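Protein chains in written order, with the working numbering: chain A, 1 to 122; chain B, 1 to 174; chain C, 1 to 646.
Note that these hints are calculated values from the structure, not bench results. Please read all numbers here as calculations on a predicted model, not as lab measurements. One thing to keep in mind: the hints can contain errors.
As the list claims (entries may be wrong) - Now the in silico label distances, taken between C-beta atoms and shown as ranges:
hint: 1; chain 1: A; residue 1: Ala102; chain 2: B; residue 2: Arg57; range: 39 to 47 Å
hint: 2; chain 1: C; residue 1: Ala527; chain 2: B; residue 2: Pro58; range: 26 to 34 Å
hint: 3; chain 1: B; residue 1: Arg110; chain 2: C; residue 2: Arg590; range: 25 to 33 Å
hint: 4; chain 1: A; residue 1: Ala91; chain 2: C; residue 2: Trp447; range: 49 to 57 Å
Unchecked claim - No farther apart than 30 Å at their CA atoms in a straight line, the calculated lysine-lysine pairs in the DSSO-like style are these:
hint: 5; chain 1: B; residue 1: Lys125; chain 2: C; residue 2: Lys382
hint: 6; chain 1: B; residue 1: Lys162; chain 2: A; residue 2: Lys55
hint: 7; chain 1: B; residue 1: Lys125; chain 2: B; residue 2: Lys109
hint: 8; chain 1: B; residue 1: Lys40; chain 2: A; residue 2: Lys55
hint: 9; chain 1: B; residue 1: Lys144; chain 2: B; residue 2: Lys125
hint: 10; chain 1: C; residue 1: Lys422; chain 2: C; residue 2: Lys267
hint: 11; chain 1: B; residue 1: Lys40; chain 2: B; residue 2: Lys169
hint: 12; chain 1: B; residue 1: Lys162; chain 2: C; residue 2: Lys382
hint: 13; chain 1: A; residue 1: Lys55; chain 2: C; residue 2: Lys524
hint: 14; chain 1: B; residue 1: Lys144; chain 2: B; residue 2: Lys169
hint: 15; chain 1: C; residue 1: Lys422; chain 2: A; residue 2: Lys55
hint: 16; chain 1: B; residue 1: Lys40; chain 2: C; residue 2: Lys267
hint: 17; chain 1: B; residue 1: Lys40; chain 2: B; residue 2: Lys125
Said to hold, decoys possible - To give a feel for the contact side, a few chain C residues facing chain A, derived at Cβ under 8 Å:
hint: 18; residue: Gly341
hint: 19; residue: Tyr342
hint: 20; residue: Ala359
hint: 21; residue: Ala375
hint: 22; residue: Tyr389
hint: 23; residue: Pro395
Beta carbons: idealized from backbone N, C-alpha and C, even for Gly.
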Amino acid sequence: MRKFIALTVFAAAVTAQAAEDLDTRVERLAQELRCVVCQSQSVADSNAPLAVDMKRHLREGLAAGRSEQELRDELVQRYGEQVLYRPALHAGTVPLWFGPVALVAIGGLVYWRHGRRREGGP
Amino acid sequence: MKLLLAALLPLLATATLVALLARSLQRDAQAEPVSPLIGKPAPVLDLERLAGDTPPRPGEVWVLNVFASWCGPCRTELPVLGQLAEQSGVRIVGLDYRDTLELGLAFLKRHGNPYALTWRDPEGKGSMAWGVTGVPETFVIDRKGVVRLRHTGPVTAEDLNKRLLPLIKRLQGA
Amino acid sequence: MTGELGQFALLLALAVALAQAVLPLWGAQAGRARWIALARPLAAVNFGLLSLAFATLVASCVVLDTSVAYVTAHASQELPLGYRITAAWGGHEGSLLLWVWILSAWGALVAARSGDLPAVFAARVQGVLGFIAAGFIAFIAFTSNPFERLLPAPANGHDLNPLLQDPGMAAHPPLLYLGYVGFAVGFAFAVAALLEDDLDARWTRWARPWVLAAWSALTAGILLGSFWAYYELGWGGFWFWDAVENAAFMPWLLGTALIHSLAVAEKRPGFLRWSLLLALLAFSLSLLGTFLVRSGVVSSVHAFASDPSRGLFILMLLGLSVGGSLALYALRVGRLPPAEGYALGSRESLLLLNNLLLATATGTVLLGTLYPLAAEVISGVKLSVGAPYFDTVFPPIMLPLAALMVLGPLARWRGAALQNVKPLLPLALTALGAAAVLAFSLQGSLWLAAGVATGLWALGGTLALAWHQRAAWRQGLALWLAHCGIGIFVLGVTLVRSLEQAHDVTLAPGEETVVAGHVLRFDKLEAAPGPNYQAARATLSWQVGGTPLQLAPEKRVYGRRQVAMTEAAIARSLWRDVYVSLGEANADGRWALRVQIKPFMAWVWIGALLMAGGGVWGLLAHRRRPKSKLAAEPASPNIVPTLSTP
């Protein structure tokens, strides 16, 4: 009898743990999706019916073993790229993702050039 | 010389920026958002039936209309949808968004039913498959099952005559 | 009657501003002493007229003169008096009038305190300010007039947007504009300096207090906006990288670079060039921000409902002022002495890095903000660039800056040796160690470790510096406060973002559930009506620690506008905030609740407050020193540098 209880408690704890991880995964994914019927809110933050439905859809999908990427791609197919708050990397977003790198490189160049000019003047 | 170039850079950047912003002002901010489904196969849904029993036949042009009992404009467009069905012979499939069985049936009973078939979508799954962002929305699907048009908002008589009927006639002729 | 008075004052102000724009500048070019002398009186008259105009708008709101269209749109009989006053800047037209009124206030203040400046220079400053004022007053008068009549006058107004019916709202725009618009003074000083025959660095000394004041106000304004969004919007977020937030943040970033550059520009010619460019660009970004908020090109919670024709007007203003000033810069920059090279590890070198990193950060934020616009114009694709993007690209630029910030005050002028840094090595190791422990014990996040290490290093390093130089505390306090503020801010943001939890539960009154290991009870649900709203208030108690936390989130419906608002319940402490918001009720009477736990949330506010405080102290300390002393004291390498002394 005690073993049975222990097993049940253990199973409950494991499923509770798994459920909590699912919560975090849903939250994280929902934070990166835009609520397309709101002014500018993420799906996670929004109470709009569409956002609630989307969160449910994400939860069911993740629980069924689908990957985050798969769910994201599916939503992009239905709502367009604007549903992603973190734009996917492709030809159209290369300047966006590599722009900061380029800026840092330019800054570094400027800094290096200034450093090269040793003080020599009066 | 190099100094002048470096000094001109902010100015050039500003000119580009102003040009960009001017162009973005010109585009119509109220333009209907283009559905990503256009040109793609219509999503296949597996939903409970609310009313009607004739699904669209393969190889036939059909129309999907998303509505809800709590949506005022949906009520006003019902007669226009009825005209659409009559004048073009298309089957209109209704998708009842976030309604209970009773409310959906009552809506159709009270205001008329232009739909050959109506599906229930209490949890929004069907609408999400179609990328629906509000009610009402209307989709036109061609003979090959490809989505050709999305119309957001109620279908008025003008929309019927200027947008929907010409397109449907053309797709039916093809 | 008051509406017409306001209208008249506005048009008169336009005429005066035009005079202020043209006469002093022409006079300065042509040497007409009488026109030069007009500059300061015109500034005063402009301020007076705009004050009159603004006062009439406020009065119309207070008495609810619904024959004025603006009043009908933004006030109502049920609106409490305090909010009737703030309704004057609750809408597009009114807030623009506030904008230009604050500009004229700054101008009048500068005019009043220009006694020591060369007359020609002061005249040019007023001329530039006059141009900007004229542009905006024209914009208001011809496209966004708050005094337009609405006849027949309706019985009641549409009430103020419920989001704005809040004390934080009362202070946020005025404070924000003080800063945002205040950068116009720095801009005017830079343009006036460029117009001078002898382009030297004296203007940086004169501009310093004005820029510091504007920067402090902007810091406080952004802080208040963020603080208000946190408790008012009901989602628990405090920064969304929203286009309008970025619009205020970008001038702040460049403004920070500017205050550092102005401090050294007189001694180091290279920073004179930086100061000029930064002063021009900071205000240019303010103008860009004004455009973004009011043109309708970006959708945002903040954006005013506007139409594209207004946008075009502001765009033209933007193009003229920014283009004109940068063209002037390109023309005149050749007259500046060439920049020297700096030894690596010298204070100049670190200040240069400071400017470069801030400029890069600004560029990045600008890129992210405008990219969706550009993508749509160029290729028709609708993209969203949101918080996930900025949270990825921004910290790698700012964290190194926060780390270098500790080394800056320790570095020697012109010197390369950083021997002063050696005593801090134990601190660095402690910071890294603590960060590593934290990261691995809680979750293996690189950002948590980096942020905590940097924050501890920044805070500890500044405190160590402060202790070491405590004798000269009067000069040092501004820097210590601001830099400590940054350290605390970095710690707060890192910890909150990494460790916050959100739990969605559904409860009916009387039920309880377990959230984050503690029992949450839904005690009762009651109606809580207000002056112009109906509300449902849920009383909850959460059994964490000894005494249970009482939380009372509300859902309000404002009658006139039929808008539902969520009032979150926040239990604050130094170590964590508990944030509860009420969602929708189910058909079966159960309510959706979102319970969020945010560790170290208060540190974000405290950090920003300290930054603003540092700026304010810098201003006060500057004014206390008698002017004769400024020239006499040598710049000793051991004295802690401040931003307001040479």
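Against the structure, the hints:
For the hinted restraint 39 to 47 Å between Ala102(A) and Arg57(B), the CB-CB distance of approximately 56 Å leaves it violated. Distance hint for Ala527(C) and Pro58(B): a CB-CB separation of about 56 Å, inconsistent with the stated range 26 to 34 Å. Checked against the hint of 25 to 33 Å, the pair Arg110(B) and Arg590(C) passes, with Cβ atoms roughly 30 Å apart. Taking 49 to 57 Å as the suggested C-beta distance range, the pair Ala91(A) and Trp447(C) does not conform, at roughly 28 Å.
At most 30 Å may separate the alpha-carbon atoms for a hinted pair to count; Lys125(B) and Lys382(C) meet this at roughly 24 Å. Using a Cα cut-off of 30 Å, the hinted pair Lys162(B) and Lys55(A) is violated, with the two alpha carbons roughly 38 Å apart. Between Lys125(B) and Lys109(B) the alpha-carbon distance is near 24 Å, which keeps this suggested pair within the 30 Å criterion. The suggested pairing of Lys40(B) with Lys55(A) holds, with an alpha-carbon distance near 25 Å, which does not exceed 30 Å.
About 24 Å separates the Cα atoms of Lys144(B) and Lys125(B), which keeps this hinted pair within 30 Å; it holds. Proposed proximity of Lys422(C) and Lys267(C) is supported: the alpha carbons are some 28 Å apart, at most 30 Å. Using a Cα cut-off of 30 Å, the hinted pair Lys40(B) and Lys169(B) holds, with the two alpha carbons roughly 20 Å apart. For the given pair, Lys162(B) sits about 27 Å from Lys382(C) by alpha-carbon distance, which is consistent with the 30 Å threshold.
Annotation: proposed proximity of Lys55(A) to Lys524(C) holds, straight-line Cα distance about 28 Å (limit 30 Å). Proximity of Lys144(B) to Lys169(B) is assessed by CA-CA distance (about 15 Å); at most 30 Å being required, the pair is judged to hold. Our distance criterion of 30 Å between C-alpha atoms is broken by Lys422(C) and Lys55(A), whose separation comes to about 52 Å. Between Lys40(B) and Lys267(C) the alpha-carbon distance is near 66 Å, which puts this suggested pair outside the 30 Å criterion.
The suggested pairing of Lys40(B) with Lys125(B) holds, with an alpha-carbon distance near 19 Å, which does not exceed 30 Å. Restraint check, Gly341(C) versus chain A: the minimum CB separation of about 3 Å is within 8 Å; hint holds. Hint status for Tyr342(C): holds, given a least beta-carbon distance of 6 Å to chain A, under 8 Å. For Ala359(C), the interface hint holds, since its Cβ comes within 8 Å of a Cβ in chain A; the closest pair sits about 7 Å apart.
With a least beta-carbon distance of about 6 Å to chain A, the hint placing Ala375(C) at the interface is held under the 8 Å criterion. A cut of 8 Å between beta carbons decides the hint on Tyr389(C): the least distance to chain A is about 6 Å, and the hint holds. The beta carbon of Pro395(C) comes no nearer than 11 Å to any beta carbon in chain A, farther than 8 Å, and the hint placing it at the interface is violated.
Figure legend: structure checked against the earlier numbered hints; hints not met, in rising order: 1, 2, 4, 6, 15, 16, 23.
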